[in-house]
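K.L.:
Here's the letter readout for the chains.
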Amino acid sequence: MLITKKSDVIPSDITSKENFENRRTLIKATGASIVTASGIFTGLLNRTANAASSKQKISNFVKTKYGVDEKLTPYDDVTSYNNYYEFGTSKTDPSIESRLFKPSPWSISIEGAVKKNKQIGIEDLFRLAPLEERIYRMRCVEGWSMVIPWLGLPLSKLIQLAEPTANAKFVEFISLSDDRMMPGQRIPVLDWPYVEGLRMDEAMNPLTIMALGMYGEVLPNQNGAPLRLVVPWKYGFKGAKAIVKIRFTETIPKTSWVKAGPNEYGFYANVNPTVDHPRWTQSSERRIGGGLFTPRIKTQMFNGYTEQVGQLYTGLDLSKNF
Amino acid sequence: MIDKLLNLLFKKIKILIFFLCLIPLVRLFYLGLNSQLGANPIEFIERSTGTWALVFLMLSLSMTPLRQLTGSNAYILNRRMLGLFMFFYACLHVLTYLWIDHYFDFDEIFKDVYKHPYVLVGFAAFMLTIPLAITSTKSMMKRLGGRWKILHRAVYLICLLAVLHFLWLVKKDLTEPLIYGGVFFLLLVLRVIYKYRSYLRTSNLWW
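So the protein lines, in turn, are chains A and B.
The first sequence stops at residue 778 when you use my numbering, and every number in between is there.
The second sequence stops at residue 216 when you use my numbering, and every number in between is there.
Isolated chain B, as found in the complex (with noise of 0.2 Å):
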């Protein structure tokens, strides 16, 4: 019962949902219409977008703990929109790069990809994230059938790499990609527990 209304709500509230996801998207024309972009601008947007398409990485990665904890299916149901806003974010943080950072000076571009660490995770990173984008629909997903899911568990790959871009490309304080390398630590787990809850159960190491 209780499900079936959940259900019906997260239904109701999709929409509401994605307009809520498209607010860093808004507020970035917002502060560069008024010039609060401040003294780096494109370093800000290259920063901002490249937090929310983590950010809503982890979101998508959050719902399948969510239904275990909650047994409840309706977190499946915002999961595609959640990881197709990482793709868009991530997007944009590379049109950023390529773009406005980079004029398309792709012999520049090709030296910083290959001699820098951070920008060749964070290249890869992206390159898997189109394929998990493209086979994202319906129709891809029945064509695919059991193969569907060992290539979204791409997603496990790409969330590492993500960290890791963000954890190289950081100077000196290592605070903030910690933070989300320990978020992805911990859906890893949550994840780990769930699959073996059976058996720690019976083997009285858990609850």
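If we strip away everything but chain A, and leave its shape as in the complex, we get (with noise of 0.2 Å):
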């Protein structure tokens, strides 16, 4: 096996542009809140370095093949239009709670069907395989749609790395929970923390992405931060956010929006224009960034990745497993 050596130096350590060449003023209000000896002062400049910091750009990566020719989602549609429950129902909650939200320090803790237990530091993922920019396609099970460039690795590389067992035959991935930094989850509207699964040979698929980053840079709060799960043949919700814990397992993994509505929400949730959904029309979407007379455009099995995954489910009734 070829190890190169990566650089030390990983992206979220670099200071950003704007930080670099703010230097001196935050120096000087840096100063200034001390003259005013005041704590309030700090909190408040902590805060917006804090929010600086999340814009960092990511330099080192690879592009890919994924996507080329699909027009991307507009940036600001795609951090303000988020179901992100953590944070509130509304689409446009997300963008506005998660602003005090801190993705590092952070570190994934592997657990379950596996050699040994692990904690990995979201650094270590930096450095575990280049990252790769994937411009994925995104459907969301209202019946809307997006195009995001992702910056990611194959999620089969994290798992080599986990070293699970023979028992391992499902993935769950457990997103955070922390009602101080989450303020939705201060009401049970699902049951916290949110839980999703993939069966082993999904997880180990080429497609299936954990995302560090979007547009070229590091995945914004609203969007996840510090990873998530991407997922591009299934429906938007299987992508959990702001994961913790990685645990593998030999049983189906009770997933949160299983939980919630069985009969609306699958355990496969692979994107399907023929398995309708109770309450919203999955034959169509609407792709966001369109504009106001844009109309919807036909929505592909497995959101047009079936010559990737179509395999997975040959012999599965995909009407009856949705």
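It is possible that some hints are incorrect.
As the list claims (entries may be wrong) - Pair by pair, the computed Cβ-Cβ distance ranges are:
id : chain 1 : residue 1 : chain 2 : residue 2 : range
1  : A       : Met656    : B       : Lys120    : 20 to 28 Å
2  : A       : Leu772    : B       : Leu160    : 49 to 57 Å
3  : A       : Leu748    : B       : Val179    : 19 to 27 Å
4  : A       : Lys571    : B       : Asn43     : 55 to 63 Å
5  : B       : Lys124    : A       : Arg555    : 37 to 45 Å
6  : B       : Lys120    : A       : Leu772    : 22 to 30 Å
7  : B       : Ile139    : A       : Val518    : 55 to 63 Å
8  : B       : Met136    : A       : Pro734    : 20 to 28 Å
9  : B       : Ile22     : A       : Asp525    : 41 to 49 Å
Hints are computed from structural coordinates only; laboratory data are not their basis.
C-beta: ideal position from N, C-alpha, C; glycine also.
Assembly of the complex is requested from the two constituent chains, each provided in isolation within its own frame, with the hints serving as guidance.
P.N.:
What follows is the structure, given as structure tokens:
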């Protein structure tokens, strides 16, 4: 196996351009806050510094062939229209309520059917493999979709590092539970923490990635910082955000939305225009960013990724295993 | 005396109320022209017009209890206008759905209506508002006589269906539709109390 030495500097350690250019202002402002001896000022300053650091660029990543001919959804739409109930149930809540969320320090604990339980720091993930840019369509179960250039690594790389045993049939992803940083968790709309899961072969499929960034920068808080799952042929809710625990199991994980509405949401949740949802039409979708007078588009089987994933489900009745 | 003054005032400010009722529409145009309708403008317009239709429905249903509570007839003068504004926003709501959301793709629309209970009840509620809007004129009131009142009782069914429409549309957080349901329930309770007020008074059950 060829091991290439990566740079010791990880992207999250690099001072952002804005912060670097504003260093004198920052120093002055800190001075001022010492003069006024106000703790509140320093608090505010830290907050601004954090907000700036969440917009860090990621410079070293590999471009891939995925979705190169797709038109990207505007960045502002992707960061202001989110389903992330940990930060509130309205689409515009997460961008506002996640401002004080701290995605670092962060570590992911690996448990269950593995050789040895372990903790992986978020920095280690940045070093694990070269980050890849994957432009994927994302179809929400509510009937809208986006095209997002994710930066991440194949989940299979992370699974190799986790060393699951032969008993591992499923992977469970558990998100952060912290109602101080995630105010939406103070209301039991879902059974917190958020839990999602995949079958082992789905998790190992080359399309499945663990995203650490998007649009060439570190993942914004409202999009699941510091790391989230992206499974482009499934409905968006499968993409667990702010993951703190990955557990390998022998039995099918009890995922949040299946618990919340078993007749509406299935474990598989594959994008399927022929299996209707009790609430929303699944045969067509609205592409976000199209403006007022752009018609809906037809939803494709497996969100258009049949070639890559169709074989995973041969012999499975998809209308029953929705 | 006060009643007469209130009547006069309401007549005078009727035109003002009319323009106030147009604010939600003006706001949509303003937001639209300044590209502030968010990432999903069509959904925004659908939600906004739907919400305002429901608000005007609740407002028009509040006029009778207000009259009963205050003893003033003045509120009733605005009831028809509020009801018609409900119809106006409901029309915009349905038009947005049919036109800019589905581009009159009736194949898709029919499937959506009969497959999804929330669309079905919403559609039924809208259909029921049409005869009420048509018969809202003074001459129609005269022509229908006693039947007018019976016909316009359909508003309670419309309200029930509209609240259900909202309740079934929401994925998980039921707070907002339940608030509307609560207001509707309160309006009904007020009517029941008023109807049986003399009985309640004599039987010492209440005040």
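K.L.:
Compare the structure with each hint and give your call.
P.N.:
Hints versus structure:
1. Taking the beta carbon of each, A:Met656 and B:Lys120 are about 36 Å apart, not inside 20 to 28 Å as hinted.
2. Separated by about 54 Å at the C-beta atoms, A:Leu772 and B:Leu160 satisfy the suggested range of 49 to 57 Å.
3. Range check, A:Leu748 to B:Val179: about 24 Å between beta-carbon atoms, so the 19 to 27 Å window is met.
4. In this structure the supplied range 55 to 63 Å holds for A:Lys571 paired with B:Asn43, their Cβ-Cβ distance being about 58 Å.
5. For the hinted restraint 37 to 45 Å between B:Lys124 and A:Arg555, the CB-CB distance of approximately 40 Å keeps it satisfied.
6. At roughly 25 Å, the beta carbons of B:Lys120 and A:Leu772 sit within the given window of 22 to 30 Å.
7. B:Ile139 and A:Val518 have their C-beta atoms about 60 Å apart, which keeps the hinted 55 to 63 Å range intact.
8. Taken as a hint, the range 20 to 28 Å holds for the pair B:Met136 and A:Pro734, whose Cβ atoms sit roughly 22 Å apart.
9. For the hinted restraint 41 to 49 Å between B:Ile22 and A:Asp525, the CB-CB distance of approximately 59 Å leaves it violated.
Hints 1 and 9 from the earlier list are contradicted by this structure; the remaining hints agree with it.
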